[in-house]
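**Student:** Letter by letter, the chains look like this.
2 protein chains.
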Amino acid sequence: MSSVSPGRRERLFDQIVRKQSFLCVGLDPDPEKLPEGISRDIEGVHEFLRAIIEAVSPYCVAFKPNFAFFESFGPEGGALLKSVIEAIPDDCLVIGDAKRGDIGNTAAAYARAVFDQYGCDAITVSPYMGVESLTPFMAYPDKWTIALALTSNPGSQDFQRLVLRDGGVLWEEVMKACMKASDPDHLMFVVGATHPHDFKRVREIAPDHFLLVPGFGAQKGSLDEVAQQGFNRCCGILANVSRGILYASDMTDYLEASTQVARTYQRQMADLLMAYELIP
Amino acid sequence: MSSVSPGRRERLFDQIVRKQSFLCVGLDPDPEKLPEGISRDIEGVHEFLRAIIEAVSPYCVAFKPNFAFFESFGPEGGALLKSVIEAIPDDCLVIGDAKRGDIGNTAAAYARAVFDQYGCDAITVSPYMGVESLTPFMAYPDKWTIALALTSNPGSQDFQRLVLRDGGVLWEEVMKACMKASDPDHLMFVVGATHPHDFKRVREIAPDHFLLVPGFGAQKGSLDEVAQQGFNRCCGILANVSRGILYASDMTDYLEASTQVARTYQRQMADLLMAYELIP
Chain A
1 MSSVSPGRRE RLFDQIVRKQ SFLCVGLDPD PEKLPEGISR DIEGVHEFLR
51 AIIEAVSPYC VAFKPNFAFF ESFGPEGGAL LKSVIEAIPD DCLVIGDAKR
101 GDIGNTAAAY ARAVFDQYGC DAITVSPYMG VESLTPFMAY PDKWTIALAL
151 TSNPGSQDFQ RLVLRDGGVL WEEVMKACMK ASDPDHLMFV VGATHPHDFK
201 RVREIAPDHF LLVPGFGAQK GSLDEVAQQG FNRCCGILAN VSRGILYASD
251 MTDYLEASTQ VARTYQRQMA DLLMAYELIP
Chain B
1 MSSVSPGRRE RLFDQIVRKQ SFLCVGLDPD PEKLPEGISR DIEGVHEFLR
51 AIIEAVSPYC VAFKPNFAFF ESFGPEGGAL LKSVIEAIPD DCLVIGDAKR
101 GDIGNTAAAY ARAVFDQYGC DAITVSPYMG VESLTPFMAY PDKWTIALAL
151 TSNPGSQDFQ RLVLRDGGVL WEEVMKACMK ASDPDHLMFV VGATHPHDFK
201 RVREIAPDHF LLVPGFGAQK GSLDEVAQQG FNRCCGILAN VSRGILYASD
251 MTDYLEASTQ VARTYQRQMA DLLMAYELIP
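So the protein lines, in turn, are chains A and B.
With the working numbering applied, the first sequence covers 1 to 280.
With the working numbering applied, the second sequence covers 1 to 280.
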């Protein structure tokens, strides 16, 4: 249990209060989806993402670059990722969406890559290989480890919801085991907005942790339901929207369209934060 | 179920028979462990790995670059990885040890990265997000998808061995679910040599599949036990050794030392293949 940075949740909450937003914007750069007037190559992606980041950063508290889409450019994708991350303002958390997880010395190498080389503030990790595969990430006192618990996709039914002999469910066991190895100032969980009825149980297990919640927009999750069941005294929710913001328009007005969608989310979030008395 | 390449197992078995080896050499390039006389930087790693590949390739049928160690160099790691993979002879399978796994469109981007950009013949994948997160890899007719089942590390106890209400065990459910989505000419499983008593059960579930077996060398798995319980009519085992071969010596004689260790494994494997009448 590392605890050299007490109050990390509070500092994140301060940003949420200041921006009246708990929005995370996912950066999934797919050349096929780039709007009109942007070249469908790595330079186009670079131009597009830097413009999007500048336009929407007033309305969000985090960006989540999805490593897969950068890696799909091959060796040049690393420099693109680094440059895009450098363009993210300091008042936004950088969540490396990498879903890593491997034995100790390999996990330590992934941590060096994502935290030290690319400068991410947080990483998503996949728990199949056990808590041991996550502790090298958790060991960073000034970083966040975000463990997959109950993901937003239909495939979350396959294994995460398997019922155990003792009555538990796999995703609950994953949360409990991770919580023994870290604390709410260093550990978050991924819980999909597509499972609104599970947020009550999530909060019984982990009342204090931040949750990274994908599944809005294309996947139809409800912000109201997530706020009702998921808010805690530090907000405790980072709601991710990727395609719904990035590809709000495929025309030359794309920046206005993306900004408009981000602002709409921010206003809805401000209303919810007020409704639950998290901001005045 | 893709089945446009029948006989892929047999073609891999042909290589095993020809080389009298089922050895996979893991490429985990850690600058701190480089031998004397090699510079502890990305150029040193490049020189070291290309020399190792040339020296040990007569004794193995596969190489397994561990993506974490390449990524830990940051943006330059991609070019290193590509160059190292290009140095692997055509008669060796290239297994991208990346442990990827994410929702469909993201998994498809990882597949483009590992298969199309880096030219790997196979990828290791982590199943926590469900079968849906693996099918984009399985859809490549000329590639292998290698799903984590029962990994070699102590953390494999945490979740993989959880007993389910219906009497099954998580790692067995993972294997069964993956087998419904692919076939033994496209799907392998990771099963650690540190679990010799489970190979019988593995072969009950998946008699025909190849298994990628880590956990020899540093982790003390026994080749004899794995062969006894795990061999099938196409051998069905790729036994991985990483550090035991790469870092056989930290002196200037490192190439001789690595070659010697690889050759010793190969001879032990030839004896086992003969003992079980897989080669004349």
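Because the hints were derived from the structure by calculation, they are not lab data.
Cβ atoms here follow ideal geometry from the backbone N, Cα and C, with glycine treated the same way.
Any given hint could turn out to be false.
If you want the ones that stay clear, here's a sample from chain B, every Cβ over 10 angstroms from chain A, calculated [said to hold, decoys possible]:
hint, residue
1, Glu10
2, Gln20
3, Ala68
4, Tyr118
5, Val174
6, Pro207
7, Gln228
8, Leu255
9, Thr259
10, Ala270
Heads up, incomplete: computed chain B residues facing chain A, CB under 7 angstroms, no partners named [claimed, not checked]:
hint, residue
11, Asn66
12, Gly101
13, Leu162
14, Gln219
15, Met274
**Student:** Taking the hints in turn, state whether each one holds.
**Tutor:** Verification of the supplied hints:
Consistency note on Glu10 (chain B): stated as away from chain A, and its beta-carbon is indeed over 10 angstroms from all of that chain's, at 31 angstroms minimum. With 10 angstroms as the threshold on Cβ separation, the claim that Gln20 (chain B) sits away from chain A holds: the shortest Cβ distance comes to roughly 29 angstroms. Once the 10 angstroms rule is applied to beta carbons, Ala68 (chain B) is inconsistent with being away from chain A; the minimum gap is 4 angstroms. The claim that Tyr118 (chain B) is not at the interface with chain A is violated, since a C-beta of that chain comes within 10 angstroms of its own (minimum 7 angstroms).
Against chain A, the non-interface label of Val174 (chain B) is violated: not every CB pair exceeds 10 angstroms, the least being about 6 angstroms. Under the 10 angstroms C-beta cut-off, the non-interface status given to Pro207 (chain B) relative to chain A holds; the minimum distance is some 23 angstroms. With a cut of 10 angstroms on Cβ distances, Gln228 (chain B) stays outside the contact zone with chain A, its closest approach being about 25 angstroms. Non-interface status of Leu255 (chain B) relative to chain A is upheld: no Cβ of that chain comes within 10 angstroms, the nearest being about 23 angstroms off.
Remark: the non-interface label on Thr259 (chain B) is consistent with the geometry, its nearest Cβ contact in chain A lying 24 angstroms away (cut-off 10 angstroms). At roughly 29 angstroms, the least C-beta separation between Ala270 (chain B) and chain A is larger than 10 angstroms, which holds for a residue marked as non-interface. Annotation: interface hint on Asn66 (chain B) holds; nearest CB of chain A at approximately 6 angstroms, less than 7 angstroms. Interface hint status for Gly101 (chain B): upheld, as the beta-carbon distance to the closest one in chain A is roughly 6 angstroms, under 7 angstroms.
Interface restraint check: Leu162 (chain B) against chain A, minimum CB-CB distance 5 angstroms, threshold 7 angstroms, status holds. The beta carbon of Gln219 (chain B) is not positioned within 7 angstroms of any beta carbon in chain A (closest approach about 9 angstroms), and the interface hint is therefore violated. With a least beta-carbon distance of about 32 angstroms to chain A, the hint placing Met274 (chain B) at the interface is violated under the 7 angstroms criterion.
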